[in-house]
Every structure is written in C-alpha cells, then in structure tokens.
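Colleague: The primary structure of each chain is shown beneath.
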Amino acid sequence: MATNIIIVIFVTSFATYLSRFLGVVSSEKIKETSKMFRWFNCLAYSTLAALIARIIIFPSGSLSEVDYSIRFIIVFLSIMVFYLTKKNLVYPTIFSAIILSIFSSYL
Amino acid sequence: MIDTKYFFKGFKSIKGVGSPAIALGASFIAIGALLKNLGFSIQESIFSTFLTYALPGSLVMAESMLIGASLINIFIAVWLVNARLYPMTVALMPLLMHKNQPRWKYYLSCHFIAVSSWLIMKDNYENIEKENRIDFWIGIGTATWSVAIFATVIGFIASDFLNKDMLIGLAIVNPIYFICMMIGAMKTIQISASVILGAILGPAFYFISPEWCILFGGFIAGTIAYLLGEKNGN
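Residue numbers (our numbering), protein chains in the order written: chain Y, 1 to 107; chain P, 1001 to 1234.
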C-alpha cells in the first residue's frame, strides 16, 4: 500500500479541488445580486447543515462509539454555552470536548 | 500583487472570540493521528492536508483506504462528500470578484474554501470594500490552512499519547463549532430555513442513500428555503 499513498492523496485532492474549480468557473457568470446567487447561497447553507447533522446523527469513526443521547445532550449544552457567552465560539468548543471526554470515560 | 494590509487583516481572523483555530486544530490533530495509524509517513500526512484541506474528504479517503477501495471508488466517494464545495464556491466567489483583480487569485485561492474559512468570510465580507475582499480572503485562507497543516503534524507526533476518549473528545469539537457558527449566521428567512431544513432532510435521506443524503437533502432543503424566502422578501 505504501507506494500508493501519494497517488491516493493526489486522487483525493483532485476530487476535492474539482468542485472548488468548477465553482469559480460558474461564479464568473453569476452576479451577487441575482436570484441564481441567492439560490446557491441557500444550497450552500443547507448542504452544510445536512453534512453537520449527518456527522452528529450518523457519525463514522470515534464519535459513533458514543451513545446518541449523549451526543444530543452535548450539542444542546454547547449551544446553551454559546448563547450564555454572548456568541463566543471558543468556549462551547472547548466545553464540548471536555464534557464528552468525561462522559465517555465514566459512563 | 497581494495587498498585505488586507491579507493580515484576514489572517488575524484566527484570533479572538470567533476563532476557528481550536475547532480546526482539534479535528486535524485527529486526522494526523488517523493518518499515522493508516501507515502514512509524516511527509505524506502533511502533503495530504496541504493538498486536500477539506476534513470530510480526508476522512473518506482514510476510511476507503482501510477497506481497500480502488482508486476510482476513492475518487467517487471523495467527490461526493466534497461536492458541497461547489455551491459554497458559487455562493462566495461572486462576492469577491472585482475587475481590478487578476483571475489567478480566484483559481488559486478557491483551494482555501472549507467550512470554517467560508463561514468566517461570509460573516465579515460586508466590512471590506469589494476590491480588497480577495486579499482579505487569501489572508483568512492562509491562516486556517496553516492551522490545519500544523495540527496534522501535532496529531501525527502525539498519536501514541492520544487515547480513545481523547480522540472522541476531539471529534465533537468541529461539529459543535460549525453548529454554533451556523446558528450565528441565521439572520435571514432564507438562511434560517436552509439551515433548519438541511439539518432535518440531510439525515432523513440517509435512510434512502447514505452516500447521496447530503447532496439530495441539501438540494431539496436549499431549494425550498430559497422559494420560501423569495415569497416572503428573503
């Protein structure tokens, strides 16, 4: 497998850059005030939300070892911290990591 | 060539209360550790983050390699999970395009489009004059990308010291950061509806197709949100 790692990295980065590149090509023709732009803006936010919800609800990797009720509690508490700290993004992120580590070691 | 004033203004976005550095750092530390366990050398791990710089893509690559998928399958799997970068790019680049700026800046800097840098740019672009936005964006991109590469190295080196519970703790940080940032971005009907419907329909479509759920769910949710917003004055 070792000889293939570089090729796999190239394939992965090409598959990733492709969408970014095509996005710039399309952007050349789309004005920021157009309906098309507003539609794509909605698509971008909705696919992101879909991706994040999927990571939380159907995780792959290490998160899948945590019970889903614990994942939901952590999300809920972190959003509370976000609001309590006047929309600071650093506190809820640190909070979530510590709480989840504690939960998964003691439960 | 690049206006350093705006470049550094963008670069500084990794500091302060909205900093993505911890979220990005935590997830790429996990990636670094994962790649080491997969048999990558440190150079290959750096090279991977350097060239791909999109977390879900790197995760899919690692998962595919674990099950011994073919190159074509790896390509398709990564393309599917990162296809969201297409609407994200189309929803960002028109805001940055200016006739006085050279095209290469756009084609090169689109490599920096990832969730955290994109959300930061969306949150700040109105404060920057249009002509300077691309340099500001290159600053944000360089900063977040550097954090990702640096964290990959840390994760690779620290992988022997990271136990299972610590890795689980690291894995939650990025989704939490994204959730909070998305909630912060919900300022119009269209964006609020996009986020809420996307979060419902994405997982709902998982039961039909785990591979396509993000694109299908996102497409339908985004289109409904767009129509809702157009009817109600955005």
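Do not take every clue at face value.
Straight-line alpha carbon distances no greater than 30 Å define the calculated DSBU-like cross-link-like pairs of lysine-lysine that follow [what the hints assert, rightly or not]:
1. P:1036 with P:1122
2. P:1187 with Y:31
3. Y:87 with P:1099
4. Y:87 with P:1187
5. Y:35 with P:1122
6. P:1105 with P:1130
7. Y:29 with P:1036
By construction, these hints were calculated from the structure, which means they are not laboratory data.
Owing to the predicted nature of the structure, the values given are computational and were not obtained by experimental measurement.
Colleague: Each hint: holds or not?
Modeller: Checked hints:
1. P:1036 with P:1122: violated, 34 Å
2. P:1187 with Y:31: With Cα atoms ~21 Å apart, residue 1187 (chain P) and residue 31 (chain Y) stay inside 30 Å; holds.
3. Y:87 with P:1099: violated, 36 Å
4. Y:87 with P:1187: holds, 14 Å
5. Y:35 with P:1122: holds, 18 Å
6. P:1105 with P:1130: holds, 14 Å
7. Y:29 with P:1036: Given pair residue 29 (chain Y), residue 1036 (chain P) is violated - Cα atoms ~43 Å apart, limit 30 Å.
Hint compliance for this structure: hints 1, 3 and 7 are not met, and every other hint is.
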